[in-house]
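K.L.:
Listed in order, the protein sequences are those of chains A and B. The first sequence begins at 1 in the working numbering and counts up one residue at a time. The second sequence begins at 1 in the working numbering and counts up one residue at a time.
No wet-lab data here; the hints were simulated from the structure. C-beta: ideal position from N, C-alpha, C; glycine also. It is possible that part of the hints are untrue.
[Stated by the list, open to error] Short derived list, chain A residues pointing at chain B, Cβ under 8 Å:
| hint | residue |
| --- | --- |
| 1 | THR8 |
| 2 | ARG28 |
| 3 | VAL66 |
| 4 | PRO69 |
| 5 | GLY70 |
| 6 | ARG164 |
| 7 | ALA229 |
| 8 | THR236 |
| 9 | LEU265 |
| 10 | THR266 |
| 11 | LEU283 |
| 12 | MET581 |
| 13 | ARG585 |
| 14 | ARG587 |
| 15 | ILE588 |
| 16 | TYR693 |
[What the hints assert, rightly or not] Simulated restraints on C-beta separations:
| hint | chain 1 | residue 1 | chain 2 | residue 2 | range |
| --- | --- | --- | --- | --- | --- |
| 17 | B | LEU152 | A | GLN32 | 17 to 25 Å |
| 18 | A | THR364 | B | ASN188 | 38 to 46 Å |
| 19 | B | PRO95 | A | ALA369 | 55 to 63 Å |
| 20 | A | PRO39 | B | ASN188 | 37 to 45 Å |
| 21 | B | LYS149 | A | GLU203 | 32 to 40 Å |
| 22 | A | ARG299 | B | ASP44 | 28 to 36 Å |
| 23 | B | ASN188 | A | GLU203 | 26 to 34 Å |
| 24 | B | GLU176 | A | ASN652 | 24 to 32 Å |
| 25 | B | ASN155 | A | PRO79 | 31 to 39 Å |
| 26 | A | ASP215 | B | ASN188 | 57 to 65 Å |
| 27 | A | SER207 | B | ASP44 | 35 to 43 Å |
| 28 | A | LEU196 | B | ALA107 | 22 to 30 Å |
Listed here are the chains, written in short residue letters.
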Amino acid sequence: MATNPLSTSTTTIAQLESARNLALGDARYYNQILLGILPLISGANIPVELQRWGADFIAEAFANPVLLPGDKQTMAIEPSKDAQNMTVIEALKGYLETSQDAAVVRSVVQAAASVYPLVFRHTIVNPSDTQNWQVMAAIKSNILRRMDSAPPGVRICCIKFVQRVIQVETPGLISDPRRPEQNEISLALVPRDHPLLQLPNLEAEASGLLDRLLDILQSDISDALLVTATLNSLGTLVRCRPVIANKIISAVLNFNPFKLANSPLTSKSKVMMKAMERTGRALLVNLMKREPGNPFNARIQQYVERMARLRIEVLDDTNRKRPAPSEPTDGFDPSKRPRLEAHGQVVGAPPPGPVSFADLYTLTHDAGAKSFDVQVIPIDTVVQIIVPMLMRIDKGKMDDAINTVRARLLTLSKLPPQPTASLSGPDDDDYEPDFAPREDAEQLSNKLANAPPEGLDVPPSTSLAPFKLPQAPPITEKELEDYGNSTIRRVFDTMNALSTPAKKTKPGFNRCAASSYDREAWMTIIARLATRAGIGLGDEEEDEVAYAGGPVKIKSEGKRVLKSGWKLNEAIREMLYQHIMADWRRRIDFATSWLSEEWYNDRISGDFFAAQTRKLNGNGNGSTAATTPQTPNYTKWVLKLLDSMLPYLESNDKGIIRFLSEIPAIDEQILTRVKRIAEDPERVGLTVNVLHYLILFRPPVREMCVGAVEDLWRNYDGAKTSTRKLLLKWRPEVLQEELVKAENAKVNGEALGVGGPVAAQDEMKA
Amino acid sequence: MSVDPRRRVALIPPPPPIEAHPDSTKMELVGSNNTKPSTGAVADEGFKLRFCTVCASNQNRSMEAHLRLASANLPTISFGTGSLVRLPGPTIKEPNVYAFNGITYNAIHNELQAQNPQLYAANGLLPMLARNLTIKSYPERFQDWVPGKPRLDHNGDQGFHGTEAGVVDVIITCEERCFDAVLEDLHNKGGRLNRPVHVFNIDIKDNHEEASVGGGAILDLALRLNEAAAKEREIHGAAGWDGSGKSREGFDEKVPEILGEWQERWPNYPALWTLAWF
């Protein structure tokens with residue numbers, strides 16, 4: 001590369017830059033500067049750097065929004081001051097004719113797009129100025145020639161130029177006829193008798209150019225650059241040229257951005273498809289927003305949604321199935337699909353086997369039509385519909401239908417005569433309710449009533465197909481379990497949905513459980529479902545084993561016992577248990593009422609089974625079950641609840657005291673759990689408090705509790721001091737005894753030289 | 001968690017190295033390789049694309065990218081597309097809201113500093129504003145921008161040189177919402193300048209970390225684009241030879257390819273692109 005011209009052009013550019021800055025600072029300088037530098041920047045022998053700079057500067061000047069259109073118009077056609085007398089448009093034409101450089105041409109086309117309307121208006125006002133208009137026309141034809149062959153970077157600018165030309169050469173709206181300079185430049189400003197600007201020619205040219213522009217969208221080679229450039233330039237045309245708006249929108253709605261989907265997907269083609277889809281959407285959404293009442297909006301909405309779906313289908317890597325269908329986009333419109341079964345319906349023979357009247361006259365495969373119950377239509381409406389319908393019906397179709405039915409009847413009559421169509425199934429030992437066939441017959445007669453009238457004289461010789469409800473598939477155990485659990489869950493959901501009444505009235509004893517429809521009532525219902533509903537149903541022998549004790553064996557023939565051991569009662573109980581433990585402090589009420597139900601039920605059924613056992617044993621002589629009522633379910637669940645609660649107890653927890661005081665029965669096992677609390681030194685006090693409370697307020701278990709306290713006193717080191725007080729009151733003899741022992745130990749210890757307590761313990765063990 | 005993003009740069013994984021793609025079909029021109037993206041900055045002389053970064057409030061993502069591009073010597077301006085500048089406030093329901101084009105970063109900084117220095121230092125707002133006020137003076141709204149109007153009054157902004165004429169070649173948005181807003185606004189402005197502009201969207205989450213990493217991704221893309229554009233000028237340059245084939249490919253048609261390659265390198269930032277008009 002020659003250095004000399006380069007360096008000169010570099011210095012020239014530096015000078016030009018400072019001139020440009022001047023113009024940027026004050027737009028009024030543009031005209032002066034542009035005309036001054038025109039000889040420096042345009043011409044065949046000017047270095048390409050300067051040409052680029054110059055073309056760019058011209059484009060920038062005519063794009064400048066600060067500069068008034070009138071000034072720009074003057075600037076475009078004013079000859080320069082030097083000897084060449086060149087105008088800006090002549091310079092542009094010169095660039096186009098001599099330059100091979102894409103960057104120069106690109107800027108020139110941009111400038112031309114801005115200049116074209118200005119020269120157009122100048123020509124309208126000055127019909128005699130042939131010269132400038134011819135220069136502009138030459139520029140236009142040069143650019144249009146390039147449009148299909150130029151490199152894409154230039155082609156996009158040609159697209160924009162074409163859009164401007166279309167905009168100028170299509171009639172627009174005249175906002176104020178009195179002030180033509182205020183109006184937007186359009187064909188509407190051109191007088192009919194203009195010598196240079198002939199309306200029909202211009203209109204035709206604009207229409208042809210628009211077709212060319214829209215062709216870019218329809219062409220098979222989707223170049224995203226050209227397509228997005230086109231789409232983005234169309235918005236203005238739709239908006240300010242209502243004459244061609246519909247044509248443009250239709251073209252955009254027929255545009256398929258996913259043509260590339262049929263070729264292998266590369267990162268580039270993905271970018272391109274996304275770009276085209278998104279750009280089309282942006283254009284259409286913008287149009288919808290600007291004109292909310294546009295009749296096209298529904299179609300636009302549809303298109304946008306469809307494209308969004310297609311995009312996910314084509315581009316979403318996660319669930320890509322196959323490329324988009326290559327059929328024309330309008331093929332998706334159900335109203336435009338060819339109807340394949342419009343004429344000459346192929347309705348074959350009725351299914352083999354027994355044929356009902358319904359089958360005989362059914363001429364459609366449409367399941368919806370088959371199952372439609374004509375009875376829902378009132379008879380007078382039917383009459384109103386049928387008569388005009390028969391008048392208008394296609395003769396050929398009607399004949400076809402009649403022939404089909406005739407042919408069927410013929411084939412049926414040739415069949416060996418079936419046993420008479422008795423209403424009840426002939427040799428069925430399956431249970432069949434009487435009314436089923438009668439209903440069938442009724443349906444048939446209805447069908448008959450609506451069938452073509454020819455059908456009426458059919459001899460009733462054909463047999464009726466007996467209706468048989470298909471047997472449901474057997475339920476697997478897993479399903480049974482699932483259904484059971486979901487039922488239970490629903491019951492609980494109902495309870496959770498019920499709100500607790502704001503104020504509670506104390507109903508006292510004179511009330512009926514579960515009589516009000518509130519949360520509490522539901523609790524009772526659930527508790528009783530768990531305890532009583534299933535008693536003696538599925539697992540009788542287990543119950544009896546549990547209640548009566550001892551191995552009672554009853555043969556259970558045909559009884560369904562689930563292998564998985566799932567039982568409804570237990571499932572409800574488990575759910576109850578979980579429900580309570582989810583928030584046990586607040587649900588202690590619930591827990592106690594449930595446990596009371598359990599206890600009561602255990603007692604009742606215990607008695608019941610005991611009586612049964614007695615009966616079986618032949619006037620039993622006081623079986624053990626009767627005398628010592630057992631409460632297997634109660635014990636199981638109270639312990640389970642207790643075990644789950646214990647870890648959560650704090651050192652001064654009132655909850656446990658309340659729980660233990662309210663549950664219906666307390667036994668040794670429960671007290672063992674309570675004593676275990678004392679293993680945690682921090683909660684010794686709690687254990688003692690619990691026991692103290694029970695001793696004071698639960699006389700039936702007082703002895704048991706005092707025993708527990710004693711046990712604590714003896715076996716839990718940390719509990720000595722706190723239990724001493726209780727023992728002092730309730731069982732002083734223990735203390736006494738201990739005192740004596742201690743005394744002895746002291747004596748022995750002194751003798752043996754061993755610590756007292758150890759010796760005392762040794763003795764206790766002995 | 002919230003330190004001045006500039007100080008956190010060391011923690012952020014550097015963008016994957018940009019491999020050179022030697023193209024055997026290309027004729028090597030002396031001195032054509034003076035804009036190597038791997039250096040992270042563009043030489044002073046020579047052709048440069050002009051960039052515009054856009055996010056919702058012109059505070060975090062667009063400003064981070066603005067800083068990165070300007071630091072790489074690329075002409076850059078930045079905007080927000082929201083109706084107002086929204087910054088987190090003491091609670092999620094009480095954001096700090098400011099008008100665009102009015103209040104300066106400095107004023108916002110001072111106001112927040114007075115309001116609750118601990119909170120806004122801890123959530124990174126104060127450091128962010130402190131950074132922003134070194135880049136330019138106030139948040140600008142995209143919709144209020146008049147493209148083509150000279151921006152000589154912004155000559156203190158970073159990345160000012162090259163943006164005097166108030167037009168750009170590339171717009172990069174940081175969120176689909178902003179992309180849509182930019183396209184809609186360009187439609188509304190009607191393309192009077194007849195000037196093409198490549199609009200990109202790169203989805204970046206609105207937090208300091210993502211803005212920082214995303215800024216690197218944007219810079220990577222910008223350098224790639226700039227390299228291709230500069231190469232086009234060289235190839236078609238003074239030599240003026242009229243060849244054909246791949247080497248004739250100009251910048252504009254290469255854009256989808258460049259973005260496709262970029263997307264493979266940055267799969268976590270889903271990108272969009274279109275060619276729009278000023």
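K.L.:
Each hint: holds or not?
P.N.:
Okay, the hints, checked on the actual structure:
1. Using the Cβ-Cβ criterion of 8 Å, the hint placing THR8 of chain A at the interface with chain B is not satisfied: the shortest such distance is roughly 13 Å.
2. At about 13 Å, the closest approach between the beta carbon of ARG28 of chain A and any beta carbon in chain B exceeds 8 Å, and the interface hint on this residue is violated.
3. At its closest, the beta carbon of VAL66 of chain A sits 6 Å from a beta carbon of chain B; the interface hint therefore holds under the 8 Å criterion.
4. At its closest, the beta carbon of PRO69 of chain A sits 10 Å from a beta carbon of chain B; the interface hint therefore is violated under the 8 Å criterion.
5. Here the hint on GLY70 of chain A is broken, as its CB sits about 15 Å from the closest CB of chain B, past 8 Å.
6. With 8 Å as the threshold, the beta carbon of ARG164 of chain A comes within range of chain B, its nearest partner Cβ sitting at about 7 Å, so the hint holds.
7. Among the interface hints, the one on ALA229 of chain A holds; its C-beta lies about 5 Å from the nearest C-beta in chain B, closer than the 8 Å criterion.
8. A distance limit of 8 Å between C-beta atoms decides the matter here; for THR236 of chain A the minimum to chain B is near 5 Å, and the interface restraint holds.
9. The beta carbon of LEU265 of chain A comes no nearer than 11 Å to any beta carbon in chain B, farther than 8 Å, and the hint placing it at the interface is violated.
10. Interface hint at THR266 of chain A: satisfied, since its Cβ lies 7 Å from the closest Cβ of chain B, which is below the 8 Å cut-off.
11. The restraint placing LEU283 of chain A at the interface with chain B holds, with a minimum CB-CB distance near 7 Å, inside the 8 Å limit.
12. With its C-beta approaching chain B no nearer than about 35 Å, MET581 of chain A sits outside the 8 Å limit, and its interface hint is violated.
13. Look at ARG585 of chain A: its Cβ only gets to about 32 Å from chain B, farther than 8 Å, so that hint breaks.
14. At about 35 Å, the closest approach between the beta carbon of ARG587 of chain A and any beta carbon in chain B exceeds 8 Å, and the interface hint on this residue is violated.
15. The restraint placing ILE588 of chain A at the interface with chain B is violated, with a minimum CB-CB distance near 38 Å, outside the 8 Å limit.
16. For TYR693 of chain A, the shortest C-beta to C-beta distance to chain B is roughly 48 Å, which exceeds 8 Å, and the interface hint is violated.
17. Against the hinted window of 17 to 25 Å, the Cβ-Cβ separation of LEU152 of chain B and GLN32 of chain A comes to about 18 Å, which satisfies the hint.
18. Between THR364 of chain A and ASN188 of chain B the C-beta distance comes to about 54 Å, which lies outside the given range of 38 to 46 Å.
19. Distance hint check for PRO95 of chain B and ALA369 of chain A: the Cβ-Cβ separation is about 59 Å, which falls inside the suggested range of 55 to 63 Å.
20. Our hint of 37 to 45 Å for PRO39 of chain A and ASN188 of chain B holds, since their Cβ atoms are close to 40 Å apart.
21. Between LYS149 of chain B and GLU203 of chain A the CB atoms are about 35 Å apart, so this pair conforms to the stated range of 32 to 40 Å.
22. In this structure, ARG299 of chain A and ASP44 of chain B break the distance hint of 28 to 36 Å, their C-beta atoms being roughly 53 Å apart.
23. Roughly 28 Å separates the CB atoms of ASN188 of chain B and GLU203 of chain A, a value that falls within the hinted 26 to 34 Å.
24. A C-beta distance of roughly 59 Å is found between GLU176 of chain B and ASN652 of chain A, which places it outside the suggested range of 24 to 32 Å.
25. Between ASN155 of chain B and PRO79 of chain A the Cβ separation comes to about 35 Å, which falls inside the hinted range of 31 to 39 Å.
26. For the pair ASP215 of chain A and ASN188 of chain B, the beta carbons lie near 27 Å from each other, so the given range of 57 to 65 Å is not met.
27. Taking the beta carbon of each, SER207 of chain A and ASP44 of chain B are about 50 Å apart, not inside 35 to 43 Å as hinted.
28. Taken as a hint, the range 22 to 30 Å is violated for the pair LEU196 of chain A and ALA107 of chain B, whose Cβ atoms sit roughly 58 Å apart.
Going through the hint list in order, the structure does not satisfy hints 1, 2, 4, 5, 9, 12, 13, 14, 15, 16, 18, 22, 24, 26, 27 and 28.
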